[in-house]
Structure formats: C-alpha cells, structure tokens
Amino acid sequence: MDLMVMEKCKGVLVLYNSTNDIVWSSISSRTAANPVAELLESGNLVVREENDSNPENFLWQSFDHPCDTLIFGMKLGSNFVTKIDKFLSSWRSAEDPAPGEYSFLIDTHGYPQLLLKSGNKTLFRAGPWNGIKFVSNPRPVTVSNEFVFNSKEVYYQFAIQSSRLTISPSGLPQSYTWNDRTNDWAITDVGQYDQCENYAFCGPNTRCEMSRSPICVCLDRFVPKSLADWNFSDWSGGCIRRTPLECSDKVGFLKYTGMKLPDTSSSWYNKSISLKECERLCLKNCSCTAYANLDVRNGGSGCLIWFGDLIDTRRSTGDGQDLYVRMNATELGVLTKKRIFNKRKLAGIVSSAIVSGIGMLVLGFIFSKRKRNLRKKKHWEARQEDMELPIFDMSTIAHATDTFSDSNKLGEGGFGPVYKAWMLWIKGTPLELIDECLAESSNSSEIIRCIHVALLCVQQRPEDRPNMSAVVVILGSDMPLPQPKQPGFFMGENPYEQSTSSNKHEPYSGDETVLWVANRETPFSDRFGVLNITREGILILYSRSSSIVWLSNSSRTAENPVAELLESGNLVVREENDKNPANFLWQSFDYPCDTMLPGMKLGINFVTRLESSVTSWKSSEDPARGEFSFLLDPNGYPQLVLKKGNITLVRAGSWNGIRFTAQTKSKPDSISTDEFVLNEKEGYFVFGNTSLGFPRLTLTPGGIPQRSIWNDRTHQWQFIEIAQIDICERYSICGPNAYCHVNNSPICACLDGFMPRSPRDWKLSNWSGGCVRRTPCSDKDRFQNYSRMKLPDTSSSWYNKSIGLEECKGICLKNCSCSAYANLDVRGGGSGCLIWFGGLIDTRRSNGDGQDLYVRIAISDLENIEKKRPVDKKKQAVIIASSVILVLDQNLNLLGHAWILWTKGAQLDLIDECLSDSHVSVEVLRCIHVALLCVQQRPEDRPTMSSVVVMLGSENPLPQPKQPGFFMEKNPPEQGNSSSKHESYSANEVTLTSLEAR
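Mapping the sequence shown onto numbering that gives the first Met the number 0, position 943 (from 1) lands on 942, and the numbers just tick up by one.
Capping the alpha-carbon separation at 16 Å, the derived lysine to aspartate or glutamate pairs in EDC-like fashion look like this:
id: 1; residue 1: Lys275; residue 2: Asp294
id: 2; residue 1: Lys578; residue 2: Glu558
id: 3; residue 1: Lys484; residue 2: Asp463
id: 4; residue 1: Lys800; residue 2: Glu679
id: 5; residue 1: Lys961; residue 2: Asp940
Read the hints as simulated data drawn from the structure, not as lab findings.
Hey, can you work out the whole structure from these sequences and the hints?
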C-alpha cells in the first residue's frame with residue numbers, strides 16, 4: 000500500500016511504497032513555517048502556508064503539472080521566470096497512466112502557437128491566437144477562453160468552470176462539458192483532422208484546400224520544387240518561387256483571404272503597431288516573405304511577420320484571416336491585371352449566358368408555338384387521308400413512359416466532353432482540358448473552379464445540381480464547394496459497340512473498381528440483364544431471353560424478403576424488418592471474387608460447409624474464375640495458402656495471435672484490425688481496417704496478392720503492399736526436414752540431426768527430396784531450439800489452445816511420431832501447443848520476427864553437434880590457409896576449379912568423399928564463400944582478417960563474391976584482333992606482387 004506524507008520542515012510531498020521506498024516527491028524552491036497540503040474544490044492539490052490562501056504564494060500545486068486533462072483553473076503554456084512548461088501528455092493506454100507518445104503544448108518559438116506532437120514530430124498545428132481563438136478553429140466562438148502572453152509567461156486557459164479538454168492515448172483531443180442533469184461529462188468536440196490539418200502536408204509555399212482536387216496548390220508565382228513528385232501527388236517538397244525575390248522597393252504584396260496563417264516558429268511580432276507599419280517593416284527587410292495582423296478584433300491590430308518559407312498554410316474552413324505574401328512588382332502587376340481581366344471575362348460570360356438563355360427561351364417559345372400549329376395541321380391532314388397509324392391518348396403515353404420519367408428519355412448519355420472531363424477529374428488531372436496555347440495565360444485555380452462548377456451542374460440527381468443564381472454566386476466567390484458526383488450524362492464506353500460473343504465477357508471500364516460479379520462463369524451476350532428477388536428470398540439474374548443466368552441459394556426463407564446493398568459493399572437478402580447480420584438469408588460477402596473488403600471472411604463454416612475464398616480473374620478484362628486462389632486451409636491447424644489449381648504455391652503460415660507467421664511486422668504507422676477466429680463451428684480470417692485508410696486486398700490474375708487503401712485526395716486506390724515472394728517463399732523448395740535462408744549459400748540446409756535424402760541431388764542444388772533423420776527416434780531424444788522461424792506446414796499438426804509450452808514438450812516426447820512443437824499464440828509470453836507429426840515441410844528463417852520452433856533430435860546427434868562446433872573454428876582457419884597454399888602451389892588450378900563450381904552452384908563437390916558424412920554442409924559452404932571473398936580482384940572488395948573472423952563466427956548475410964583476381968583458366972582466351980598464330984604462354988613468365996594481409 001502506498002502512503003503520501005509531507006515533510007513539515009520543507010513543505011515537500013513525498014510518496015512512499017509499502018517498503019518505505021520513495022516513489023515520488025514534489026519540488027519547490029521555497030519553504031514555509033507551517034506548510035499544509037490541501038485538495039481544493041477545483042481539483043487542485045496544493046502545498047501552502049497554513050494561513051496564506053493566495054494562489055500566487057502556493058509552494059507547489061498539481062495544476063502546474065497536468066497529465067492528460069486540462070480543466071478550469073489550469074494553464075497550458077510556459078513560465079519564462081520559473082522555466083516551468085505546462086502541457087498535456089497522453090496516457091500510454093486506457094489503463095496505463097504512464098506518459099504516452101502524444102503531447103499538446105504551446106510552442107514558444109517565434110509567436111506562440113498550439114501544437115499536437117508525437118514525440119518530437121509535429122502532427123497538427125492549431126496556429127497562433129488571433130485575439131478570439133486559435134486560427135485553425137473553424138467554429139464560431141461563443142465564449143472566448145483566455146490567452147495571456149507577456150514577458151513573464153504565456154498560457155491558455157478555460158473561461159468557464161464546466162469545460163474540460165483531454166488528449167486520448169491515440170492522440171485525439173476531446174472537449175467535454177459537465178452535464179448537471181446526468182452528473183457526467185458530455186463530449187462536445189472531438190478533434191477531426193482532415194488531410195489539410197496534417198502538419199506541412201503540402202510542403203512549403205503552398206496552400207491546402209479540401210474543396211480542391213488536388214488539394215495542394217502552389218502560392219501564386221510559385222512552382223513545384225519537383226514536378227515529377229507533384230504529378231504523383233507527393234507534395235511534401237512544396238514549391239519555390241518562379242523568379243527570385245528582388246531585394247528592392249520594386250516589390251508588393253498579394254492578399255490571400257480566409258487563411259490559416261503559416262507556422263509562426265520563424266516569425267517576428269509586435270503588438271502595438273498597425274498593419275500599414277507592418278507592411279513598411281516587411282518591405283525594408285529582404286528576408287521578410289509575408290505579414291498579417293496579430294489581433295483581428297476591432298478591425299485588426301499588431302504585426303506578425305514571416306521569414307523564409309511559408310509552411311502549413313491552408314484555406315480555412317472557418318472565417319480565417321488575411322495574409323499578405325511578398326511578390327515582385329512585375330509579377331504582382333501581371334496577377335492583378337489577370338484577375339481584373341478574369342473578373343471582366345467572368346462578368347461577360349455570365350451576362351452573355353443570361354442574354355443567350357433569355358434569347359433561347361424566346362426562340363423556343365416561338366418554335367414550340369409554330370410546331371404545335373404544324374402538328375394540328377398534320378394531324379388534320381392525317382385524319383383526312385385516313386392513314387392506318389395508331390393514335391394514343393395522353394393517359395396511355397403517360398403510363399408507358401412512367402409519367403415521362405427521365406429514365407425513359409431517348410438520347411440520354413453519350414461520351415463527349417462530359418465523359419472526358421469526368422475521367423480527367425477523377426484522375427486528378429482536370430487541367431489537361433486546357434488547350435496548350437492557353438496554358439501560359441490561364442489561371443489554373445479559376446479554371447479548375449469552372450470545371451468543378453460545370454461537373455456540379457450535370458450530376459445525376461437534379462436536387463444535387465446548383466441553380467443558375469447559385470452558379471453566379473459560386474463563380475464570383477472562393478467559397479468551398481462539394482465534391483461532384485458522377486454525371487447523369489456519363490457513360491464509360493460506347494453503348495453501340497456491343498459484343499455479340501456468347502462466351503466473351505464485356506470489358507470493364509478501367510476507371511471503375513469491380514468488387515463482385517454474380518455471373519462470373521455465365522456472361523451475358525449483350526448489356527441487358529434483369530435482377531429479380533422471389534417471394535422465397537432468392538435472387539435471380541435473367542438474360543434478355545428471360546433465361547436464368549445466375550441465382551443465389553439459401554436454406555431459409557422469409558415472409559417479406561428484401562435485397563439491400565449495404566454501405567460496406569455487401570449485397571444482402573434479409574427479412575424486411577430484420578437487420579441482424581446473423582439472420583441474413585444470403586450475402587455476397589460469403590462469395591468473394593478477387594477482392595476482400597473489411598468485414599469479409601476468408602475461411603470455412605464447419606456446420607454449413609460453406610467455404611469462402613478469394614479467386615483471381617482469368618484476365619484483367621475477364622472476371623471468370625482464374626487459376627489462382629487465396630484461401631484458409633482447414634486441415635490440421637488452419638493456415639493461409641496461395642494456390643494455383645490444386646498446387647500450393649505460397650504458404651502465409653498459421654495465425655500466431657497477432658499475424659500469420661510468414662508476415663513481417665506491420666509498419667509503425669499502419670495499425671490493422673485483422674482478426675482470426677477458430678472454434679468448433681467455424682474457422683475464418685476477417686480482413687480489417689487499417690490506420691492508413693479504407694483497405695482492400697486483391698488477388699491479381701497473375702496470382703500476386705496486393706493491399707491498397709482508398710486515397711481521398713486522388714479518389715483512387717493506392718498500393719501500400721505488394722507481396723514480395725522470394726525464392727524461400729516457394730512452397731517446400733527445400734523439401735522436408737530442411738530450412739531455407741535466403742541469405743545463405745546455398746539457400747537450403749538440413750535441420751540439425753538430419754542429412755540429405757539424396758546427397759547427389761543435394762550437391763546439384765536439387766533439394767526437393769529434403770532430409771532424413773540420422774538416428775531413429777527414441778524416448779531419450781532432446782529438442783533443438785530454432786529462433787525466428789516461419790513455422791512448418793500445419794496440415795499434419797495437432798493443437799491445443801489451453802496448455803503451456805512445457806506440457807506441450809512432454810506430450811511430444813511421449814509420441815515418437817512427434818517431430819517438433821511450438822507455441823500456438825505468441826502474445827503475453829506465449830500460450831497454447833502446436834505439434835507436428837512426420838516431415839517438417841516449408842520451414843524457413845523468417846524475414847520478420849518469426850517464432851521459436853523446437854525440433855526433435857537424437858541425444859547422440861545433439862552431442863556430436865556440440866562437440867563439432869569448437870573444432871570447426873580451427874578447421875575453418877586451416878581450410879582457408881590450405882586453400883591459399885594450394886592455389887600458389889598448383890598454378891591457381893584449385894581456385895579456378897572452386898570458382899567454376901561456385902558459378903555452377905556445385906560448391907560441395909570440392910569436399911573429399913571420405914569427409915562427406917562428417918561435415919556440416921552449411922559451415923563448409925560458408926567457408927568457401929568467405930574464401931572467395933578474400934581473393935577478389937579489387938583489394939577494397941576483400942574483407943580484412945578481423946572481418947573474416949566475424950564472418951566465420953556468425954550467420955550474418957554475406958555479399959556475393961566477384962571473379963577472383965588470381966583466377967585463370969587453363970586455356971586463356973585468344974586475342975580476337977590477331978590474324979597470325981598465337982605464341983604459347985611461358986610457364987616461367989610470372990608477375991610477382993608484394994601482398995600484405997588485409
């Protein structure tokens with residue numbers, strides 16, 4: 000039990016644990032005659048003089064040392080006199096109050112601003128105080144909190160008692176208000192950061208606008224620092240000036256309105272001067288790049304000046320502030336003229352459009368009146384001539400056209416300018432619509448806005464389209480715009496170019512993402528199809544000829560079945576009033592094609608025998624079932640495998656509680672919610688969301704698994720991981736009872752206590768036969784521990800989730816068929832038991848953290864291995880020394896022979912047959928590898944002697960050797976430019992080089 004006491008003589012609080020050790024103590028530079036500790040009603044724990052309640056005289060207070068919470072009375076900031084910094088720091092977790100990685104603080108460099116940090120990295124900048132609020136706050140302020148900045152201190156604090164601010168363990172600031180009715184804190188605001196709020200997202204000298212596409216744009220008269228990166232939506236490099244800034248009086252300032260001001264850490268400020276004086280000071284300093292008001296109240300006051308790059312600037316989603324950016328006078332004049340011209344041009348366009356519209360209405364009225372008169376005349380003539388044409392009354396036509404529904408209009412669609420504009424918009428390249436001859440004279444931001452408005456005007460739903468008055472207002476302002484939806488007149492391909500093939504699929508538009516196809520094996524002969532739901536809740540897909548192309552299956556029925564496409568992308572059939580996923584009659588998520596989305600299951604239901612697997616398309620244009628599949632193999636302990644037909648290509652391994660054993664560790668910035676479930680009813684893997692964005696897993700027609708996330712900036716899928724399948728990932732490449740290590744040479748090696756089944760095949764680098772035990776099994780066997788391993792194939796394994804590793808070892812030792820064991824779950828120090836029987840197949844040294852594997856080995860083999868290891872070090876030195884002597888004595892023939900065998904992958908042929916059973920092949924191969932490194936052509940490529948010792952005593956990866964410098968074949972190459980007979984080489988002619996040990 001912990002105990003807190005106060006030392007009376009000093010007024011210091013001391014916290015002791017149960018053994019009377021000091022756990023924590025307060026710090027104070029002052030003492031008191033009669034100190035007392037008191038917990039105030041505000042929640043502040045203070046140490047003060049007994050008869051002095053003045054807060055300024057407190058010896059110590061907990062409010063000076065906040066944790067993750069800011070409440071009324073606390074200060075967030077710095078005291079320049081006492082050097083006390085007051086900031087919020089997150090908990091390590093919801094249960095662990097130790098300091099986490101996130102902090103919320105006021106940065107005092109330059110003009111103070113509020114920052115959210117992860118360690119030393121700035122994640123978000125709330126900006127400087129503008130007299131009312133921090134500039135990035137988009138919401139209007141009803142109660143202004145207090146911000147104090149003077150020579151002694153800077154701090155921010157709440158103005159009302161019922162306020163509370165907390166930073167969560169995940170770094171999310173949350174605001175609360177006390178609710179007297181419920182006697183609880185109610186969340187009033189959770190920090191929702193869009194992409195533009197990521198610190199310096201667009202790089203220096205740019206501005207970020209969420210309503211734009213792309214969202215990053217250079218400031219006027221700045222150009223991307225790297226155009227290639229910019230085109231790939233990598234804006235981190237930012238922009239640079241098109242022409243260097245002149246240090247003269249021939250400069251001016253371009254005004255930006257509604258802005259979140261740039262990073263103020265490299266700024267200068269003055270609270271007393273006006274904006275005009277601020278401009279004058281900036282003009283005098285050639286390093287000044289921009290200025291703004293310090294305080295926006297009462298028309299503005301104070302001066303804030305920036306030097307160098309303008310970082311983390313964005314178009315504010317709230318009211319924002321005016322920012323004046325320095326420009327050369329020549330550039331400023333061009334921009335001003337262009338803006339005036341564009342406004343006049345815009346006015347002309349709008350006026351012309353209105354006049355043209357009125358004119359067209361008048362002409363339309365005249366034309367329609369004449370047309371009606373003409374129809375009456377023709378109708379009368381037709382009746383007079385008694386033509387046998389059908390005559391329909393108004394009610395019949397209305398019924399046939401569904402009351403003149405837009406969907407029944409003729410002539411809708413097409414693939415002209417609307418199609419091209421939409422394609423360029425979703426690719427993030429709308430400026431490609433501009434003619435090249437107009438590229439230099441156009442204002443890209445205004446053109447993009449015009450395209451944006453145009454696409455809003457042709458959206459599918461009429462209620463989404465702005466009216467003409469709204470269009471005029473939109474074009475004449477900088478207000479944020481909603482993202483346009485797919486046009487109602489858009490068609491991805493020419494509708495008249497229809498395939499008539501009965502077995503060929505229609506090509507899909509490359510700009511669409513097809514996630515699921517019902518009739519993969521039975522394509523339509525044309526584009527016509529009808530999807531219907533029966534009274535029993537069965538979905539049926541009909542062709543033009545009313546033949547059934549595809550239908551769903553369900554073992555249950557419903558009274559009122561409905562089909563619904565959920566927001567998750569899942570097409571479901573359910574009872575009308577029952578939205579419980581467990582009661583769905585049928586769902587497309589049970590039948591994935593080549594794609595997995597969050598919520599999909601990959602596995603098997605042991606009750607219904609329904610298996611869900613991902614299968615590739617036959618080609619990128621043909622969604623028919625391809626030859627590759629990604630599935631959960633339920634035999635033994637379930638594992639994830641990639642197959643080609645019935646042949647296993649790659650095995651991702653079994654689930655270890657965190658991930659599949661073949662997977663490497665997740666990236667630090669990628670938090671995944673993948674899940675694995677195994678019980679008596681089902682075993683499945685659920686693809687979850689990641690911290691990087693909405694994910695998607697796809698199996699390509701070539702059998703390559705790919706992970707991607709949805710990029711809201713580009714409105715496209717962005718690859719984050721493509722399976723890199725090296726040679727060791729090929730299923731069972733080394734055969735049974737061997738392990739693969741991609742950094743070894745050769746890559747395959749027998750496990751300790753095993754030898755190649757066919758030494759001849761093994762020497763020829765044919766490892767498929769694997770290895771066999773040297774000594775038969777007995778109850779005196781032991782276990783050799785292999786660390787960082789991808790566990791073997793679990794299809795012939797047994798498992799138990801409840802027992803520990805020691806009990807697992809005992810069970811394995813009692814059964815002679817047991818060949819190895821390991822933990823089932825690596826979390827919390829390990830738990831569960833996984834046992835293998837027979838050959839250990841597809842084992843490798845993991846590229847990630849891997850897992851411990853305990854392999855059964857005869858005690859005699861284990862003793863021999865332990866005896867050999869100290870001797871082998873001496874043998875290695877002897878082998879190298881002998882090799883050098885033999886090379887010199889035999890005119891380089893041994894080295895030449897060794898190099899040729901190395902290039903052929905047959906290095907073990909160097910070993911004398913009488914030694915074939917007494918050596919460890921992996922160690923011999925490493926010796927040969929090191930020896931060849933020591934005799935390379937260039938001296939700088941050769942390792943030093945100390946490096947050789949380290950190489951021989953470790954398993955670190957080695958570089959590939961280059962051709963030896965002392966290598967010469969018996970028949971040297973002939974000179975190609977000689978026409979006469981070559982003279983023979985003299986064995987007595989030799990060049991001697993003085994050699995020194997490296």
